[in-house]
Amino acid sequence: MAITLDNAQTTITGDLTIDEDGGLAPPLNTGVSGDGSSGTDGDDDVLAPNTDFQTYLASLSVVPASSEFPQYARDAITGFKTNATEFSLTLANGAPYPADGIDSGLTTLTGQSIILFGDAGGDAVIGRVGGANGPIAFVIYLDETPDTGVITSATLEIAMYMPVQHPKEGLIDGSDVVDLSGKVYLTETYPVVVIDTFNNLEDVTPGNNTWALVAPDGFVEGPDPVDIAPRALLVTADNGLTVNVSTQGFAVGNQSIDPVSPGGNPVNELLRVDFVTSADVDYQPNEANTAANIAYDKHQEDVYTAGFTLSQVQGGPVDLTVAAYNVTNDAKGTTFLSEANADSNQQSRTITFVEIKDTLTNQVVEVWQVIGGVPTNTTNLSGASVLFNPDGSVTLKDMLVNYAVTFKTAGTAGTNFDRFTIDNIETGNGKFDVKNIFYVNERTEITSKTAELGSHIDFQDDGPQILSGTSDAALGVDDTTLNVDAKDDFSGLFSVDFGSDGPGTIKEYSLSVTASQTNLEAKLTKDGAVETIYLFEKDGTIEGRVGGAAGTVAFVLSVDSATGEVTLDQKIALYHNPSVDADDVETMTAGLIGLTLKVTDGDKDPVQRTEDISGRLSFADDGPSIAADGSATAITRDETTDLGQEAKTQLASLFAPVFGNDGEGHVSYKLTAVDSQVSTIKDTATGAFVTIKVVSDTEVQGVVNDGGTEKVVFSFSIDAATGELTFVQERAIVHPNVGDGNNPTYGDEPLTLPADLVKVEATVHDRDTDHASVAASISDLVTIKDDRPDVGDAQQWITDFVADTSPSVTGNVGGTCFGSDGPGAIKITSVSGSTNLSEFTQVPSNDGNTVTFEKGGEAWFKFELNAQTGQFDFTVLKSGTATLENLNFKIKAGPPVETLSVPTAFNNAAIKFDGVIYKGTGINNFDNSTTKNVDDINPDNLGFGIMGSNPNQASQINNNEGFVAAMGEDTDIFNFQVQGIGNNAKSVHLEYYLVQDVNDNGKYDVGTDQIVKQSASGGDVISIASGNVATKVELNATSDFDLVFARFFFTNTDLQNGALSGNQLRQAIDNAGVRLQNFQIKTADTIPEYDFSFGITKTDKEGDYDTTTVAIHVDPDYAQGTALGPNAVPVI
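Residue 1 is where the sequence shown starts when you use full-length UniProt numbering, and the numbers rise one by one after that.
Simulated from the structure, these hints should not be mistaken for laboratory data. Please read all numbers here as calculations on a predicted model, not as lab measurements. Ideal placement from N, C-alpha and C gives every residue a C-beta, glycine not left out. Worth double-checking, as some hints may not be accurate.
Claimed, not checked - Heads up, simulated PhoX-like pairs for lysine-lysine below, C-alpha to C-alpha not over 25 Å straight-line:
| # | residue 1 | residue 2 |
| --- | --- | --- |
| 1 | Lys693 | Lys785 |
| 2 | Lys648 | Lys682 |
| 3 | Lys538 | Lys487 |
| 4 | Lys357 | Lys435 |
| 5 | Lys1003 | Lys1013 |
| 6 | Lys168 | Lys538 |
Unchecked claim - Ranges between beta-carbon positions, derived for each pair:
| # | residue 1 | residue 2 | range |
| --- | --- | --- | --- |
| 7 | Asn999 | Gly1062 | 39 to 47 Å |
| 8 | Gln1056 | Gln868 | 14 to 22 Å |
| 9 | Ala794 | Asn999 | 28 to 36 Å |
| 10 | Gly920 | Ala794 | 51 to 59 Å |
| 11 | Arg1066 | Ala803 | 48 to 56 Å |
| 12 | Glu854 | Gly708 | 48 to 56 Å |
| 13 | Asn341 | Thr376 | 29 to 37 Å |
| 14 | Ser468 | Ser175 | 17 to 25 Å |
| 15 | Gln868 | Arg1066 | 30 to 38 Å |
| 16 | Asn83 | Lys298 | 24 to 32 Å |
| 17 | Gly372 | Lys298 | 32 to 40 Å |
| 18 | Lys298 | Asp217 | 17 to 25 Å |
| 19 | Leu482 | Leu171 | 45 to 53 Å |
My request is simple: use the sequences and hints to build the entire structure.
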């Protein structure tokens, strides 16, 4: 701000402020002379001094203390007199500085005093360190324009060459200022225009006198008896009247200026005032009563303005006339009065301006002036008025007490006046006094005033400065690598300037929380909530805690206070917003964390700056990963049994998910396939290729168009949460190879579905919903075994040799069981049998499914097969007979014997019986002792028994007794009857073996002899009729045998009383027995036996086939008339 002089008070406002800062902070001063703008903190720094100051400084050859200097400041000086001619820098009394200077009160940073020295011309003050020869600390300079004459502009400048000590540690700029209070003063020299006022009437001779001389205010009388005032008022009255002087002012005659009054004053009273010089104002009353004593030098010239104030107005308002004159000679004594009374030797002057002010309110109430020859009233706030008279006088009407009148002439050559008169022209009783007479003397006097300036010359402390740097420092951590700290040097965020005072001892970095709530989040548990991370300061670090002050520490931010290296230590994974990008980066919102640098300069002034770094902290997401490097249990389906049935397998084992540091989320599964893709798989029923249909993310079907309707061939479905796969095959599919019924793998040909036809995509989701996916083929996990038609096992039938119109044998080879592949055909594919079939001519039907056997033009047998149902019929068309012979036991009746040979009735054969005692089940599990007779045969005329332990026992078989019968020739029929003994048994168990005795030794040799037929496991149960009724037992076989083993035994189920137990049961079983009688064997045939073998093949729609045989034995010895079932072994 400008340095402003107040001459009325002899004071200065405003300051010239220089900041020790070596650079200019905006707004920058321009360096233009007289510039008074200020920089930061109100300083007046400029880039360079004005030209005159530069020249002056160059003459001093100053060496700056450092590169921060010199520094300059400038301020304009305002408020000075418009006619000021000189400024100078002085002491308080206006005197120049002494040769040895004065102490400025300022010191250097090292404590040395700075001494002030004045320049010879008073334009400069130089501050030197320690004395007259010391280094220059600063120079203060006055620059006036122009150099001589009236000053139009002036500036005060300062150049600074070293820092000064400031007392306030920690404060800078406008907060820490030193000045030169009481050390520098500004003295202004200027001429003044004198206005002489004459208000001091105390030294004027009072009362009525011929004249009065009044000295100007401020005149100091000299030694008596002579007191000559350089200027004075000479006051007289007209028409020989006296002048009355009092403290209230001037009057005429009797203490007032009276108007004309009947019987009183014959004329108006008029007061005359002359402006004279060099008058003796010290006189006595007797001197003032004599006109001859009027003495002065001459009249005062160059007056254009004068005035007075009405006082003691009575009978008012009053009217009066004021006239101005220029006296052409300087008469003294009586001549003065005589000429004045005669109005001689004076020239009238024209008054052109009148101002009336109410001194009680100090308000101008009337202003009248002649403008362009026309009287004009520019202010009219009262009842007074002004008339401009032709003779140049003015008439003032309706004037009140305390009205002050100022009047002027034109102010040009020939308009000056040195006398004016006041004439009471009141026609009534109004009268008044006048006081405060003044005039303006147009002259100048040279004067000066001194004002204290030093307190307005301010030295602001320079402080260190920190600006923003250009560092790109940033910290990034990654959830993937927890506890791997991120470090970076953040010192580059700051640009430090220690300023003029130089570096201090402190430079430290610190962290602070600006706002606690961040934009970051964490999820601590799989099913937990996502929580906000808050910031907290702790021991110089900043902790990010989940949910609040007591939460888990998510990360820690710290700083090396000496270097500014910031470290970000991530403790747990953060929650990132759902994103497919596993490298999603969350950057902390700006405005949360500040990094502060604090430094001090050599003057111990601190400065600090905080830079927001929260936006430079980033947290990269960890991502899950998943590999399809596992295996899953394959699914095998068999079209024979599994159509429409679900098969399940777990696909989770195909994948190896890694959730990463974000923690476990879940794994989801879906199926993928190319929708509407035509596969290479054929539907068996339609022959069409299967089309893939994507139903949803969890279901994929294989479909075909069957008669205009979409049919599902197979389907895959998956549990999206568990990965459990369900496969269902609804329809058969075509397998590449035709099944061969003779191949062991026939019908089970596996077909694995093509790889990548259907895939499973597994997606691993971590705790903050990042995910990764991988796909694996699952269609090739499914293998489908072929179905086949089933004609069953080979069948063996036996029938008698009796002609009949209805089939002798009726059976079925699998019927309609073509399997899931659908029906094809059933065919007779081969006919074979015994060699004697060559006697017959085979006559097939046209469809090949009927064969007739003819001999001699006569049909003997016919075999028919239904190609759709698999039903077959064998019909005997011509009869044959066979011969059975009874054994003749009569010739052998007698006592028990070891063995017994019994011939047939016609002696065609002889059978040797050997009794045995069995120890249990098994063909050879018996005792046959030749020395013990317990196993002897006990015959009678019908059959025989076993003697057992009782030699007198009847011919019966008891528990675990039996026989071995050697036929001596082959036979296929061995019959006998069983008859009960008493009523203690209702049945008996028979264990038998029909053997072909290859060695003909009457024994069963394991590995050599062949068991042609045997009883069921546990024995066959033979019912026992009551009384003498016998039960026939037929041991017939389709193959010949020549050795029979028979064991009879009883269980509790055979007893009449099956509830027995313990000893009673044992005793009952031991007492149970049967009689064997009426033995028969076949010894000769009248016609041969025939064996037929029919090969039958069943083929399904896919071409797979199965073959079987139906064997039929036609035996004239078999007299039952019905056939045994499939797989039956015929017996003779």
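Against the structure, the hints:
Our distance criterion of 25 Å between C-alpha atoms is met by Lys693 and Lys785, whose separation comes to about 23 Å. Between Lys648 and Lys682 the CA atoms are separated by roughly 23 Å; this keeps the pair inside 25 Å, and the hint holds. With a C-alpha separation of about 19 Å, the suggested pairing of Lys538 with Lys487 holds against the 25 Å cut-off. With a C-alpha separation of about 14 Å, the suggested pairing of Lys357 with Lys435 holds against the 25 Å cut-off.
Pair hint Lys1003 plus Lys1013 holds up; C-alpha atoms about 16 Å apart against a cutoff of 25 Å. Only pairs whose Cα atoms come within 25 Å are accepted, and Lys168 paired with Lys538 is rejected, the gap being roughly 32 Å. At roughly 45 Å, the beta-carbon separation of Asn999 and Gly1062 lies within the given 39 to 47 Å, and the hint holds. A C-beta distance of roughly 53 Å is found between Gln1056 and Gln868, which places it outside the suggested range of 14 to 22 Å.
Between Ala794 and Asn999, the C-beta spacing of about 30 Å keeps the proposed range 28 to 36 Å intact. The hint said 51 to 59 Å for the Cβ distance between Gly920 and Ala794, and at roughly 34 Å that hint is violated. The beta-carbon spacing between Arg1066 and Ala803, approximately 54 Å, falls within the hinted interval of 48 to 56 Å. Look at Glu854 against Gly708: about 53 Å separates their beta carbons, and that is inside 48 to 56 Å.
At about 35 Å, the beta-carbon gap between Asn341 and Thr376 stays in the expected band of 29 to 37 Å. The hinted window of 17 to 25 Å between Ser468 and Ser175 holds, with their beta carbons roughly 23 Å apart. A hinted range of 30 to 38 Å is violated for the C-beta pair Gln868 and Arg1066, which are about 60 Å apart. Range check, Asn83 to Lys298: Cβ separation about 27 Å, and the 24 to 32 Å hint holds.
For the pair Gly372 and Lys298, the beta carbons lie near 36 Å from each other, so the given range of 32 to 40 Å is met. Range check, Lys298 to Asp217: Cβ separation about 22 Å, and the 17 to 25 Å hint holds. Under the hint 45 to 53 Å, the C-beta atoms of Leu482 and Leu171, about 47 Å apart, fit the expected range.
In this structure, the earlier hints numbered 6, 8, 10, 15 are contradicted, and the remaining ones agree with it.
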